[in-house]
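Following the hints, put chains B and C in place on chain A, whose structure we already have.
Chains as they are written, first to last, in the working numbering: chain A, 1264 to 1551; chain B, 37 to 309; chain C, 40 to 403.
These aren't lab readings, by the way, just hints derived from the structure by calculation.
Each residue gets a CB set at the ideal place from its N, CA and C atoms; glycine is no exception.
Some chain C residues well away from chain B (every beta-carbon gap over 10 angstroms; in silico):
(1) V107
(2) L145
(3) D235
(4) R288
(5) A307
(6) R308
(7) L327
(8) R389
Selected chain C positions facing chain A (Cβ under 7 angstroms, derived; list incomplete):
(9) A92
(10) L94
(11) F123
(12) D125
(13) G141
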Amino acid sequence: MSPLRERAAVSYVLAAPGGLWMLVALVAPTLFIAWVSFWASRTFALSNALTLANYVKFFTRPAYVRVLGDTVEQAIVMMLITGVIGYAIAYFLVVHVRRPAFQLALFLLLVVPFWTSALIRTIAWIPFLGVNGVINQALLLLGIVDRPVEAFLFTRTGITLAQTSFYTLLATGPVVYTLRNIPRSLPEAAQCLHATPLRVFWRIVFPLTLPGVVIGQILVFLNVMADFATAQAIGGHKLAFLGNLVILLYESGQLTFAAVVGVLLMIAMLLGVAVLLKVVDIRRLGAP
Amino acid sequence: MIPWRVRQRLVAATLGTVVGLFLLYQWLPLLIMAVLSFTGPEGGTTFPMRGVSLHWYGELFRVQMIDDFKPPMARSVALALACSITTATLSVAAAQAMRARFRGSGVYFYLILLGVMAPGLLVGFGVALLARMFGLGLAWYSSTFAVHIVWTLPFGFLTMLAVFNRFDRRLEEAALTLRATRWTTFWRITFPLVLPGVIGAGLFGFTLSYDEFARSLFATGPEQTLPLVIYAQFDRQLQPTLYAIGTMTTIVSLGAVTVFALLFRLVKRRNRI
Amino acid sequence: MADRPDLELIGVTKRFGAFTAVRDVSLAVEHGQFVCLLGPSGCGKTTTLRMIAGLEEVDAGEIRIAGVRVNERPPWQRDIAMMFQDFALFPHMTVARQVAFGLEMLRRPAAEIRRRVAETLGAFDIAAFADRKPDTLSGGQKQRVALARALITEPRILLLDEPIGSLDFSLREAVMLELRDVQRRLGISFVWVTHDQNEAFSLGDRVVVMTHARIEQVGTPEDIAERPRTRFVATFVQGTNVFDGTVERAEGDHVRVRTATGSFVVPARDGRPPDPGEAVSFSVRAALVTAQPGAEHVNQVGAVCHAVEYLGAIRRYDFRLVDGRSLKLEEFTGRGRRIAEGEAITLGWRVEDGVLHAPAEAPA
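If we strip away everything but chain A, and leave its shape as in the complex, we get (with noise of 0.2 angstroms):
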C-alpha cells in the first residue's frame, strides 16, 4: 500500500503547479468578470450591490443584441463553410494522396502559413480585398467587372473570406485523425456488400468521422465567436462581433456594461459547444 500512496502524493505535487495556474489565471478571472456583470455601481468596489439591471440594459438596446446575432450568424456560416471545405482537404489528404512525401509536401503546404501569426496573415488579407486590392484587380483584368467592387473590405463578405482562410484547417484536422483511424478493410467489406462508393461513404466513413467533424466545428465556432481582430481589420469601424463590443465598453470606461458582454459571450459559446456535443455522443463513438 504505502508505494502507491507515496506515488499519490507525488501526483499532487507534480500536478498543482499547472492546477493553481490555471485556477489563479483563468478560473477566478473568469468567475469575476461575471461577479462585475451584476455590479450595480460603477465605482469599483467589491462591495457593490448586485443587479441584474446591466443585463436588461443589454437586452433592451436593438444594436447590442444585433450583434450578438450576428456574431452567431458568423460563427454558423463559418461552420458551414470550413466543414465542408475541410473534410473535403481531409478527405483527398487521406484517401487520395497514397504516396508518403506527397503526403508529407501537402501537409508542410497546408501547416506553414496556418502557423504563421494570425496577425499577420489579418494584415496579408487587406491589399486582396480592397477596392484597389488584388481581386478587384484581377476582377477588371479578366472582364468580369468593369468597375471595383466594394463589396469585399469592410464587409462581412470580406471577413467571411478572410476567416475561410483563417480557420478552415481546424475542421481539417480531426477529421484527418479520425479517417485515419478508419481501417481500409471497412469501406472494402461494404464494397463487398453491394454498397456503391457513394453509400460507402454515407453509411461507413462519414458517421465513422462524425466525431472529428463535431470536435472541428467545435473548434471553429469557439475560435470564430472569440475572432475580433479580422472583424477590426477587416470590417473596419463599421462591423462589430461580440469582441469588438467588448473591446469598445472597456475603452470607453464601460467595465460592468463589458463584463455583461463578455459573460453573455461565454454562454453563448458554451451553449453552441453544448449543442454540438448532443449532435453525437464524442465519447461513446470515439470508443473503438
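Chains B and C in isolation, oriented as in the chain A frame:
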C-alpha cells in the same frame, strides 16, 4: 478505361482541385504581402508596385522606428522563451501526475483544457479586472506571462499526455528492478525517451506566446509586446512598413519552427541509436 | 450455364509499380468447391483474392464469375462476398444492422430484409446479441457475425482472407469445422486464403500452393503432401525431407541422384528424363522413412539421432546425416523402440517413396 474507375478518378481530381485552390488561397495573401513589401518609396499598399526597393525595410531600421519596434520585439522574444520553458516544465509535471490517475484527475484534465476553450480576450479582461480590484499593476512579464501560460499549457499538456500514452511502462519497471530509485529512473530512462515530446511542448509554448495578442490586449501594461504594436497599426493608415514587419516576423517564426523541428529530429535520431 | 465453373482465373497478373504481386495465375473453381490458397506471406495469395473481389484491378488476364468476364465490374456488382482477417465489422452498427447491410444495399423490400435478418441471426446463433455493437463481442462471436453478414446475400462465391487468423488458438479447430459445415450445407464455393498448411489440408477440396507471385502446384491435400511438384512445395509442407543433388544416370523409369550424403534412386517424372549432371532435388516424407530398413528399402543412409519429439500418436525424430543436414522421421508410437539421442543407426526408404521435383522455373 473502366467507367467506375473513371468516376473515381473524377472525384479525386475534383477534391484535388479544391485542395489546390485552397492552398493558393492560403499562400497568395502571404506571398503578395511579401512582394508588396519590396515596393518603391512612393509605393502604396496595393498593386501596382512603384519600383522595387528595400525602402520599407530601411524604414524599419530608422532610429524612430527602431525605438518603436525593437523593445516590443525583445519583450515578445523574452516572453516566448519564458513561456516555452514554463510550458515544457509544467506540462511534463502535469502529464506525469496524470499517469498515476490521482483522485480528481478527471476534473484536473478539464481544468487544464479550459485554457484552450476560454476566449482569450475575456481571460485578459478578467485578469485586468482582478488586477484593478487588488490595485496591482499590469506588465508583460507578470500578467501577460500568466495568461499566455493559460493558453500554451494545454497544448504542451496534451502533447505530453500523448507521448506518455505511447510510453512503454516496462522500461521504467526494468530500471526499478535494477535498483534505480524513482528519481534516477525518471531522469535516466523516462526523460530522455520523452524528450522529443518535451521539445514539442516547448515549441508550442514559444510560437503560441510569440503570436498571441487576444490575451495580451487587456492584460499588458504600457510596455507592449510586438503583436500588440502591430495590432495597434490596424487603426492607422496602412503603410508598406507593416508588410515588411509581416514578412520578417513570418520568416522569424518559420525559422523557429524549423529550428525546433531539427532539434526534434536530432533527439529522435540520437534516441534510436 | 450451370456447368460453367463458378470462378475462372485466366493468366491473371497484377503489378504494383515495378513489383509483380501476381504473375500469370490460372485457376478454375467448380461450383461448390472449397479451395484454399496456401503460401507464405507476400506470395500473392491475398492480392489474388482481392482481384477476385474487385478490390484490385487486374493488369493482365481475365477473371470470370459463372462464365462471365468481370474484370470491369466494381466489387459491388460482383456475385461474391468477402470475409476479412479482422472481420471488418462496422463499429457504429449493431449486429442486426450489420447483417441487414448487404440486403439494404441490394434494395430489397423492408419486410423481406426483416424476415431474412431474423432467419440468419437464428441460423448463425447470434440472435442473442442482435442489438449489441461489435466492440462488445468476443472473437468467436465477431467471426459468426462477419460470416452471417457475408452470406445473407447468398453470394455465388465466398472469399475468406485468413478468416480464423485473428482468433484464439483454442477456438480455431471448432470454427474451422463450423465453416466447413456451412460451406457443405449451402453448397457455395469458398476461396480461403491461408498461410497455415493444417488449415489448407484439413479444409480444402483443392489446395493451391503459391510462392513468388505464382502457383506452384494445384491438387488435393494428398497430392500436395505426397507428391510435391516442386522443391518449394516440398520444403513448405511439414514433415518432408528434401535432398539436393545431381543426376548420375537415368535408368529407365528411375533416376539415380548423387547427393552429399550418398546416392539414391527415385522414380523418374513423366516427360523428358533429366540429363546426367543436371542439378535436381527430390523429397521423402518423414513418415515413409524407416529405422528398420529391409531389402525393399533400397535407399539407405547412416545417421545419428539428434532429438526426439513425442507428439502423442507419433514420435518425430530429428537425425543428423554425415554432412550435418537434418533428416526427419515420423513413426507411430506403438511401434518399435524409442531410439536414444546420440545413437547411430541406418535409415532407409523405398524407391517409390521418393518424389523427384520438377526443375525450378527461371524467375521471369
